[in-house]
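Undergrad: Going down the list, the sequences are from chains A and B.
If you number the first sequence the way our numbering does, the last residue is 405 and the count never jumps.
If you number the second sequence the way our numbering does, the last residue is 397 and the count never jumps.
Mixed in with the good hints there might be a few duds.
Stated by the list, open to error - Derived lysine to any residue pairs resembling SDA-like cross-links, with alpha carbons at most 25 Å apart: (1) K225(A) to V339(B); (2) K45(B) to N37(A); (3) K225(A) to K45(B).
Stated by the list, open to error - In silico negatives: residues of chain B with every beta carbon more than 12 Å from chain A: (4) H251; (5) A308; (6) D372.
Please keep in mind that the hints were generated in silico from the structure rather than gathered at the bench.
C-beta: ideal position from N, C-alpha, C; glycine also.
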Amino acid sequence: MTGNLSLAVLGARPRFSELLPVGQFYWPEWEGYENAARGIFLRRYYTAQRFAGPLVVEFQRRLQEFLGVKHAIAIRNATNGLMIATHTLGPSGKVIVPSWTFIGTIQSLLWSNCQPVFCDIDPESQQMSLGSVRRLLDGGEIKGILGVHLWGNALPVYELEMLAEEYGVALYYDAAHAFGCRVNERAIGTFGRVEVFSFHATNILSTAEGGCITTNDDALAAKLRAMRGDHVSGAGVSVQSATARMSEIQAAIGLMMLDDFGRNRRNNEEQHRSYEKRLGDIPGIRILKHSSVTTSNFQNVVGVIDNSAFGLTRDELLAVLRAENVAAERHFYPSSHAVSPFADIAREPGQLDHTESAARSTFQLPIGARVTAGAIEQICDIVHEAHLHSKSIKSALAPLAAT
Amino acid sequence: MSGLPRFAVCGEKPLFAEAKPTGNLYRPSIEKFLGYSRVFYQSKRYTDEGELCRLLELRLAEFHAVERAICVSSGFWGHVLAMAALALPRRREIITPAFGYRRSDDMIAWAGFVPHFCDVDPETLGISVNTIKAALNDRTALILAPHPMVNCCDAQGIENFGREQGIPVVFDSVEAAYRDYNNRRIGGFGDAEVFSTHSTKLLNSFEGGYITTNNGQLADRLGHMKRFGLVGAETVKDGQALNAKLNEVHAAMALASLDEVDDQVALHRRKYDLYAAGLRNIDGLKLLEHKESQRPDYRLIVVRIGASWPLSREDTLRLLEAENVLARPYYSPLTNKVVEYPRVCPELPVTEAIVQDFMVLPSGAHVSEDDVEKIIDILTNIRRHGSELKLRWKTE
Chain A
3 MTGNLSLAVL GARPRFSELL PVGQFYWPEW EGYENAARGI FLRRYYTAQR
53 FAGPLVVEFQ RRLQEFLGVK HAIAIRNATN GLMIATHTLG PSGKVIVPSW
103 TFIGTIQSLL WSNCQPVFCD IDPESQQMSL GSVRRLLDGG EIKGILGVHL
153 WGNALPVYEL EMLAEEYGVA LYYDAAHAFG CRVNERAIGT FGRVEVFSFH
203 ATNILSTAEG GCITTNDDAL AAKLRAMRGD HVSGAGVSVQ SATARMSEIQ
253 AAIGLMMLDD FGRNRRNNEE QHRSYEKRLG DIPGIRILKH SSVTTSNFQN
303 VVGVIDNSAF GLTRDELLAV LRAENVAAER HFYPSSHAVS PFADIAREPG
353 QLDHTESAAR STFQLPIGAR VTAGAIEQIC DIVHEAHLHS KSIKSALAPL
403 AAT
Chain B
2 MSGLPRFAVC GEKPLFAEAK PTGNLYRPSI EKFLGYSRVF YQSKRYTDEG
52 ELCRLLELRL AEFHAVERAI CVSSGFWGHV LAMAALALPR RREIITPAFG
102 YRRSDDMIAW AGFVPHFCDV DPETLGISVN TIKAALNDRT ALILAPHPMV
152 NCCDAQGIEN FGREQGIPVV FDSVEAAYRD YNNRRIGGFG DAEVFSTHST
202 KLLNSFEGGY ITTNNGQLAD RLGHMKRFGL VGAETVKDGQ ALNAKLNEVH
252 AAMALASLDE VDDQVALHRR KYDLYAAGLR NIDGLKLLEH KESQRPDYRL
302 IVVRIGASWP LSREDTLRLL EAENVLARPY YSPLTNKVVE YPRVCPELPV
352 TEAIVQDFMV LPSGAHVSED DVEKIIDILT NIRRHGSELK LRWKTE
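Could you put the whole structure together from the sequences, leaning on the hints where they help?
TA: Here you go:
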């Protein structure tokens with residue numbers, strides 16, 4: 003037998019006995035969870051009943067303090083948050099948004115009669131390209147910009163703010179990946195008209211599902227809160243309410259995760275650095291660096307592959323990793339602009355060149371609570387070996403690709 | 002001073018130190034809830050269709066005797082998805098009663114349609130084939146039929162009518178989860194039925210809801226639509242989608258509540274019987290009786306205020322609130338709301354005639370049998386001293 007057999011794709015046993023998923027999956031210790039549950043059962047205050055519950059109120063207060071923002075409004079999930087934000091800001095028309103984002107960002111626009119206009123990304127950082135945004139603004143009829151901070155990094159917020167001001171359009175952000183990130187000591191969550199965080203289990207701060215909307219605008223905050231659905235509207239015009247309340251148990255989990263935030267961020271940073279170090283020398287692999295933020299939450303390890311230098315395509319590398327039970331992912335796949343009904347939106351030729359290239363070459367590796375230092379070593383070894391044995395892997399995978 | 006008994010509205014201490022609400026706020030066994038929670042502590046899977054969510058869907062399908070149940074983040078978004086999935090193409094109006102849930106028009110607006118309000122039947126307080134017919138036109142995309150708080154609307158008749166006309170029917174069965182109609186379980190009528198498991202409802206999952214249907218294809222589609230249209234990790238089947246997933250923590254709570262639902266109904270029955278016995282002796286208030294043939298949960302206590310009752314409903318509610326008895330009006334018609342989106346609001350004579358007649362009295366887990374006796378006592382005192390009270394308010 004040859005040494006090639008160390009890889010599962012070539013017939014060896016998988017390195018991991020259990021599937022290792024991509025996602026943070028930080029979660030409170032059992033004791034804290036049990037205590038919180040007992041407290042809620044004692045109070046019988048399960049969720050907003052006429053008024054937001056005590057734990058939701060406390061969680062929001064702590065979030066405001068942590069982010070240095072006037073209003074943090076806890077919600078059921080980030081998509082609900084974006085839908086409410088879009089509706090409240092009322093751009094109802096064309097909104098610039100990157101295609102290179104989770105599909106939920108784009109879908110949130112549809113429910114408020116907005117049409118996404120896709121901008122391209124910067125090939126280095128994979129954040130929205132300012133040049134592309136400006137070109138689309140020049141095209142006219144734009145009502146808003148929905149910026150997306152990706153990968154524990156941030157958009158060039160100041161430049162984008164100037165653009166939005168220059169063209170007089172509403173600017174707000176999907177900050178699902180960016181909780182705890184800072185730009186020059188100013189927290190993400192304080193930029194634009196509103197920002198929307200996700201507390202889905204795959205992000206650094208988890209409430210299983212969940213999120214919050216942040217703003218410094220008092221009038222806007224009152225509207226957003228009314229739309230969340232925990233109050234009965236009084237006199238006057240009722241808002242088009244939604245149901246997006248966060249429950250007390252979610253808030254309890256969020257409070258504990260906020261206590262653990264510093265520790266989890268440090269853990270992410272160590273893991274991220276370990277990946278950078280071990281994968282840095284492999285030809286054809288580039289790990290995305292953080293450019294706009296001064297503090298990152300390091301919640302995503304994102305690799306970009308150069309086929310010819312590495313010897314395998316992105317999809318071939320992922321097949322190698324999956325055979326080892328590493329659920330590395332092509333993220334944002336298929337791209338938003340390739341999916342119905344968004345595929346029908348007219349585009350200029352070349353409008354999304356960098357997005358399309360990123361969609362072919364980008365992958366995410368596991369980082370967070372379910373990952374150990376040993377696991378990272380193994381994963382990096384697999385990638386290294388995949389490079390060394392790329393020829394035999396290609397021929398092993400070829401019959402699969404043909405079917 | 003007159004011989005008025007002690008009313009908080011006249012400055013006395015309220016009867017209850019703690020508010021007595023109408024919402025259920027059912028507390029299942031904490032050990033059961035923690036037991037289910039251990040499942041996701043083991044699997045480390047906290048959402049995205051984990052084991053508990055799948056188990057809950059099986060258990061709910063069994064509970065309602067239907068093919069499929071789809072858990073969602075709330076009844077509200079369950080409705081939006083059901084409407085979006087079922088409405089006839091190129092048609093804009095959804096028929097629903099104005100005398101119903103205070104956010105049903107908002108749900109319809111989110112789904113992208115125009116609510117067309119219809120009247121209710123004076124007997125059932127629900128919509129009927131006749132009231133639907135009055136609103137039906139060539140723009141009708143779907144019928145959204147809510148069951149009233151007490152007893153069912155004519156689910157069979159409405160289902161048949163929808164089928165004859167080729168108009169999809171969705172039932173809002175939030176208050177009817179335990180009921181039968183014509184010896185069939187609620188859950189299997191129409192094209193789909195939508196339920197809430199908000200803590201004020203029969204089953205408490207903190208927040209949450211579910212959709213039931215016997216249409217497997219529809220169930221699959223709703224399953225995609227509630228998770229961004231995704232099928233597996235990398236196929237997007239449906240662009241008109243959002244996040245309406247139920248997380249595993251909420252699913253654990255729903256399962257714990259579902260385990261005890263029959264015991265819970267027995268408790269409601271005892272309090273309902275106390276209300277019934279007490280209200281029988283109060284002239285001017287008439288309890289809406291839960292029909293035993295419809296397998297009621299006996300949870301909601303709705304009374305009709307008669308002409309001989311000495312106070313207006315609003316004064317009665319104000320007086321009760323001062324005692325920490327949080328009785329509520331039985332729906333306020335949506336036509337009274339001012340909204341920013343289009344609606345069709347025709348004349349609704351039955352709704353207009355009865356809209357001031359009903360109120361909902363406290364029930365659920367925060368209300369003990371002893372509390373029911375006390376509430377009956379206040380109502381008896383109001384009946385006895387109503388005209389004095391009114392006079393006194395006038396002079397103040």
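Undergrad: Now look at each hint and say whether the structure bears it out.
TA: Do the hints match the structure? See the list:
no.	hint	verdict
1	K225(A) to V339(B)	holds (16 Å)
2	K45(B) to N37(A)	holds (19 Å)
3	K225(A) to K45(B)	violated (36 Å)
4	H251	violated (7 Å)
5	A308	holds (29 Å)
6	D372	holds (14 Å)
Hints 3 and 4 from the earlier list are contradicted by this structure; the remaining hints agree with it.
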